[in-house]
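Read off the chains here:
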Amino acid sequence: MNIQTESFLADPDKSVDLNASPDWAAVGKPSPHESAVLHVSGEANYTDDLPELQGTLHAALGLSQKAHANVRAMDLDRVRSAPGVVAVLTAKDIPGLNDCGPIIHDDPILADGLVQYVGQPLFMVVADSHDNARRAVRAAQVDYEELPAILTPEAARDAQSFVLPPMQLRRGDAQAALAAAPHVLRGTLNVGGQEQFYLEGQVAYAIPQEDRGMLVQCSTQHPSEMLHVVAHALGWSSHQVRVECRRMGGGFGGKESQSALWAAAAAIAAARLKRPVKLRADRDDDMIVTGKRHCFFYEYELGYDDDGRILGAKIEMVSRAGYSADLSGPVATRAVCHFDNAYYLSDVDIRALCGKTNTQSNTAFRGFGGPQGAIAIEYLIDDIARELGRDPLDIRKANFYGRNDAEGRNVTPYGQKVEDNVIHELVAELESSSAYRERRQATRAFNAASPVLKKGIAITPVKFGIAFNVSHLNQAGALVHVYVDGSVLVNHGGTEMGQGLNTKVMQVVAHELGVSLDRVRATATDTSKIANTSATAASTGADLNGKAAQNAARQVRERLALYASTRYGGAPEDVRFAGDRVHVNGEVHPFVEIVAQAYLARVQLWSDGFYATPDLHWDSKTMTGHPFSYYAYGAAVAEVLVDTLTGEWKLLQADGLYDAGNSLNPAIDIGQVEGAFIQGMGWLTTEELWWNSAGKLMTHAPSTYKIPAVSDCPEAFSMKLFKNSNVTDSIHRSKATGEPPLLLPFSVFFAIRDAVASVADYRVNPALRAPATGEAILDAVDAVRAAFGG
Amino acid sequence: MSQPIRFHYRGAVHSVTDASPTRTVLQHLREDLHCTGTKEGCAEGDCGACTVVIGELQDDTLSLKAVNSCIQFLPTLDGRALFTVEDLKQPDDALHPVQQAMVECHGSQCGFCTPGFVMSLWGLYLKREDSGQQGAPCRKEIDDTLSGNLCRCTGYRPIIEAAQRMTELPPVTMAREPVTDALRTLRRDAPLHYEFDGRRFDAPSTLAQLAELRAEFPDATLLAGSTDVGLWVTKQLRELKHIIYLGQVADLQQVAEKDGMLEIGAGVTLETAYAAICGHYPQLNEMRQRFASLPIRNAGTLGGNVANGSPIGDSMPWLIALGAEVVLQSITGQRTLPLDQFYLGYQKKDLQPGEVVAAVRVPLPRPEVQFRTYKLSKRFDQDISAVCAAFALTLDGERVADVRIAFGGMAATPARALSAEGTLRGQVWDEATLEAAITAMEQDYAPLSDMRASASYRMRTAKNLLRRFWLETRTQAPLANADVNAYAALQTETQA
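So the sequences go chain by chain: A and B.
Going by the UniProt record's numbering, 149 is the number at position 149 of the first sequence; the sequence numbering is gapless.
Going by the UniProt record's numbering, 197 is the number at position 197 of the second sequence; the sequence numbering is gapless.
Keep in mind the hints are simulated off the structure, nothing from the lab.
One should not assume that every hint holds.
[Claimed, not checked] Listed below are the simulated DSS-like cross-link pairs for lysine-lysine, each with C-alpha atoms no more than 30 Å apart in a straight line:
{"#": "1", "chain 1": "B", "residue 1": "Lys65", "chain 2": "B", "residue 2": "Lys127"}
{"#": "2", "chain 1": "B", "residue 1": "Lys258", "chain 2": "A", "residue 2": "Lys650"}
{"#": "3", "chain 1": "A", "residue 1": "Lys650", "chain 2": "A", "residue 2": "Lys720"}
{"#": "4", "chain 1": "B", "residue 1": "Lys89", "chain 2": "A", "residue 2": "Lys650"}
{"#": "5", "chain 1": "A", "residue 1": "Lys92", "chain 2": "A", "residue 2": "Lys529"}
{"#": "6", "chain 1": "B", "residue 1": "Lys349", "chain 2": "B", "residue 2": "Lys235"}
{"#": "7", "chain 1": "B", "residue 1": "Lys241", "chain 2": "B", "residue 2": "Lys349"}
{"#": "8", "chain 1": "B", "residue 1": "Lys140", "chain 2": "B", "residue 2": "Lys241"}
{"#": "9", "chain 1": "B", "residue 1": "Lys140", "chain 2": "A", "residue 2": "Lys720"}
{"#": "10", "chain 1": "B", "residue 1": "Lys235", "chain 2": "A", "residue 2": "Lys29"}
{"#": "11", "chain 1": "A", "residue 1": "Lys696", "chain 2": "B", "residue 2": "Lys235"}
{"#": "12", "chain 1": "A", "residue 1": "Lys720", "chain 2": "A", "residue 2": "Lys696"}
{"#": "13", "chain 1": "B", "residue 1": "Lys258", "chain 2": "B", "residue 2": "Lys241"}
{"#": "14", "chain 1": "B", "residue 1": "Lys241", "chain 2": "B", "residue 2": "Lys65"}
{"#": "15", "chain 1": "A", "residue 1": "Lys696", "chain 2": "B", "residue 2": "Lys127"}
{"#": "16", "chain 1": "A", "residue 1": "Lys529", "chain 2": "A", "residue 2": "Lys29"}
{"#": "17", "chain 1": "A", "residue 1": "Lys720", "chain 2": "A", "residue 2": "Lys417"}
{"#": "18", "chain 1": "B", "residue 1": "Lys140", "chain 2": "B", "residue 2": "Lys89"}
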């Protein structure tokens, strides 16, 4: 484990240089997604596509219609007598623990007496068809005694209503720094939440097994967590439950903890009825029931000098946690740890509050609080620039972390030293390649001549910490089997949600064994193969599981090398595996031949592998430590056109540069960067979650909740990988790409703000909330006009 | 007596006798045929994961178009052909160029939306095959093709690239003759009458049959493109006891010019209707694209949009501004109404029992009328408008001789701004007149706040859209559409 050496297949420089990759090297190649052919032919199976066993029943959840209420009575007689209904279950029918919360046990599977949001599951109908179950649910009569509801983070703060105690990170003396600063900004900001909108909704299919066992086929990023929740709900031991997931139709964090409700409910029904039960949420139920990205409300004070350098910052962030804790604590922690983004902040006082509200329990979503932390500092830097009449890029540069100890300014507020800083070079490269300065001038010229339409441009950087903040989660396991015919099967604890994890892990294994990629196959994630896995989350999928698979494959290879050298002479460390061949003592043998011979010689041709990320620690009380294995960097430039009469806008061009280290698969990594850019742009622009005054989410389907569509991707859209190699010994010195690029479209938001500011000759800071919908943009335009005197 | 639903599927006639008439094509595929390549993402025609291609004979020629299978009822397939993603691979198991291009361009990540994208792209591939177009499709054509497909993973760039790449790969031509022959054999002498489990589906083939059925069953549900009625079933779980389907009524599929009007039959799809109208009014091109996604426009009808009369329907403002008429048919004959008199209140229309909307008549352009329509929504593709505006102005020198202003999203029905119009008539078309009209609009509308926009935004933008119209049409130094409309500007920039 924690193997610090590079692959012995080739010298490190060669194995990681994409262009110089030898033919046999599997890593670094832009191989297509392992399931691409299955995807395009409709042959890739998702949970709901699996052939149903005879006797399969279908469940649907009955949901609370009130935001906060005591349930006086539930009349479910009409539900029971509805066509096709087999059973109706309530909290009382749960044999074990009625909880699906990942950390704190405050998340009932089925509400018992108290409902805390519109959409909270109250009962479950099991029927002979999906349609009958859905129809039956609507026949319920529930008598509610309504209680006051808290619906916004501001209201939660005012009512001191929190799901967890406040968190605070202090360094230096922010108060004194603010008092001494020549300039101080004070204000508030609202940044909205975001629905994950995985295209495949939540689904679980529970199949009873002999001797009190349960197999749960489930669309989840966290099979082990599903196993725990199912076992607890049934009052069983973990070894009675098996959870399997071949692939998800998208996860984005929404299937990290919140697939548990569906898995548990299906398993409870299946155990009770001793029949297979499938629970598939239709889109509306999915969006009404499950949590989303946390929206944040910020109140800040920030002091800076005449050069725009930040001297002190004090910020209170209040998130809308929803009715239960779920992952709100770790999300807030990451928000606190990313308020700095790429900037050195000497004196800070960061406070994070997890507001308890009568809404869906918000959860993980790509970025996991990081984007919410970082956007606040970017907003403030944007303000400073306008106050000083400067290009925001210059203010950003003035505040970047130092490159090394000599420069100083390289320790984060939480105490981790930034040892791999490439933000200076990366931003400089993008500034030049995108002709940012010239185009910025051009927008000013355009705006002077254009009375209605205004252009805006912005460049924003990203620094993002990679690893789970909670150190013990940074572990992974894998199994590699080499069969007698030379084919290879790899299984690992990570889950495939489209991010290409299986492809990368297969590449690592192929590379390690010196075989072609088509010799390697990855299987479904299965809790009976790899136990105690961590969620595929925090961008760590390839880092952790790639290393674990490498470790397993390496053990097999070392055994083969030992066998080959014993049989053919030479030293085992001189045996080379490349191009489906084994080079031993001057001879070349097909890989298949050596494998077959080794089998006959009774060599173990399969192995487990394990990895634990070294050097991580975190003190949650003081919010200090070394929580991250390394940082990933990036930057993007966006140029927009805004209609100042309606607030409608278009992205004209976006260019980005992302530091994927030595990319394991540039095609997959570019795909991650582009996808994250557009997804993050949706968060900050068109994707608006809207609850009515009674607390009901009214944007609960794609007809009302607008994720970016095809024409939102500009023709001029260029996301590139920055040439770099991870300073940390990550898998082939690559870097994670899941989450950090989601921050790249900050550039879009600030380009819009730049365009809005043009209506007042860039002299007023537009109060622009996120998402910057047409309405939010028009509000900002009108406010800026009013402030500027019409 | 109930007849079986028959359609062409997997190279053979597929017959159904035991499904509810409101069973969707998607449910039938996934749950009855266990053919799971086609996915459900939303069950409301908004995500495109369920996209399939439907073939039908039009003038004895095979017409193929992509639609959302999640909101199409199974009996509407009668006499048609159904193609799903499983049909695309070649007999030797090789991928179709559309699929191959998606693989080569890394167009799938999670893959769940992919079958839908593949089918939309196949629709484009077939269309280009029909029209003999060569070379890669342009971005606008790709955007239009994929406007109904949501992808949450890729950010679309590789899929757009695949749409271009597919035309560079060795072509695969679809064998149309067997399908055409099969569809000929599926033609019915008598209209489809289907019953199952006490529910009924009638598909008359003539206007007279339709009128008779309507007279006999005034409470039956009229179904055309199913882009709204489909959601009554999939979302509201409504039980539709009896459906009368307009999709086989040949008389309703006509587009004709007569008496200075373009008459569009109530069964004509939005795509066909808008194509015909845009031929006369190029100002409607943006609306055509923004109205809805291509699969929705391939299914939905202009007649349905008008008959539905939603306050946020996007055709009514411009139809009303242009002075369009609606033709109502009953067993006793036809009557014609100006469209703005058709809407009496929220979801209330001047429609007698037994009457159906048979056609919409749109006046042909007159050179003296300046006409614009604008839509505002959170997203460009496939979104419902917050505000939709239309203006038709006739100037006499500098003065307003006539003006018609209509809005959607501002009242319980699509409605004219009569006060604003009143302040404009006879006045000089200058900024002072504009300001007076803008003030007067507050008398015309009291919009609501909802998830699409606040009342304040609706009122402010309604006024600003009138301002935009004035900027475009003022007599002194008018601005181009591309100077006041970000989308138009982008099109211009792209062409340049």
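So, going through the hints one by one against the coordinates:
1. Only pairs whose Cα atoms come within 30 Å are accepted, and B/Lys65 paired with B/Lys127 is accepted, the gap being roughly 8 Å.
2. Pair hint B/Lys258 plus A/Lys650 does not hold up; C-alpha atoms about 40 Å apart against a cutoff of 30 Å.
3. Distance check on the hinted pair: A/Lys650 and A/Lys720 sit about 22 Å apart at the alpha-carbon level, within 30 Å; holds.
4. With a CA separation close to 38 Å, the supplied pair B/Lys89 and A/Lys650 exceeds the 30 Å bound.
5. Between the alpha carbons of A/Lys92 and A/Lys529 the distance comes to roughly 33 Å, so the proposed pair goes past 30 Å and is violated.
6. Distance check on the hinted pair: B/Lys349 and B/Lys235 sit about 24 Å apart at the alpha-carbon level, within 30 Å; holds.
7. Between B/Lys241 and B/Lys349 the alpha-carbon distance is near 22 Å, which keeps this suggested pair within the 30 Å criterion.
8. Simply put, B/Lys140 and B/Lys241 have alpha-carbon atoms about 42 Å apart, too far for the 30 Å limit, and the pair is violated.
9. Note on B/Lys140 and A/Lys720: the hinted pairing holds, with a Cα-Cα distance of about 25 Å set against a maximum of 30 Å.
10. For the proposed pair B/Lys235 and A/Lys29, the alpha carbon gap of about 45 Å is over 30 Å, so the pair is violated.
11. For the hint linking A/Lys696 to B/Lys235, the alpha-carbon distance of about 17 Å falls within 30 Å, and the restraint holds.
12. Taking the CA atoms of A/Lys720 and A/Lys696, the gap is about 41 Å. The hint is violated against a cut of 30 Å.
13. The straight-line distance between the Cα atoms of B/Lys258 and B/Lys241 is roughly 38 Å, outside the 30 Å bound, and the hint therefore fails.
14. Simply put, B/Lys241 and B/Lys65 have alpha-carbon atoms about 29 Å apart, close enough for the 30 Å limit, and the pair holds.
15. For the hint linking A/Lys696 to B/Lys127, the alpha-carbon distance of about 43 Å lies beyond 30 Å, and the restraint is violated.
16. The suggested pairing of A/Lys529 with A/Lys29 holds, with an alpha-carbon distance near 28 Å, which does not exceed 30 Å.
17. Between the alpha carbons of A/Lys720 and A/Lys417 the distance comes to roughly 27 Å, so the proposed pair stays at or under 30 Å and holds.
18. Our distance criterion of 30 Å between C-alpha atoms is met by B/Lys140 and B/Lys89, whose separation comes to about 27 Å.
This entry does not satisfy hints 2, 4, 5, 8, 10, 12, 13 and 15, going by the numbered hints stated previously.
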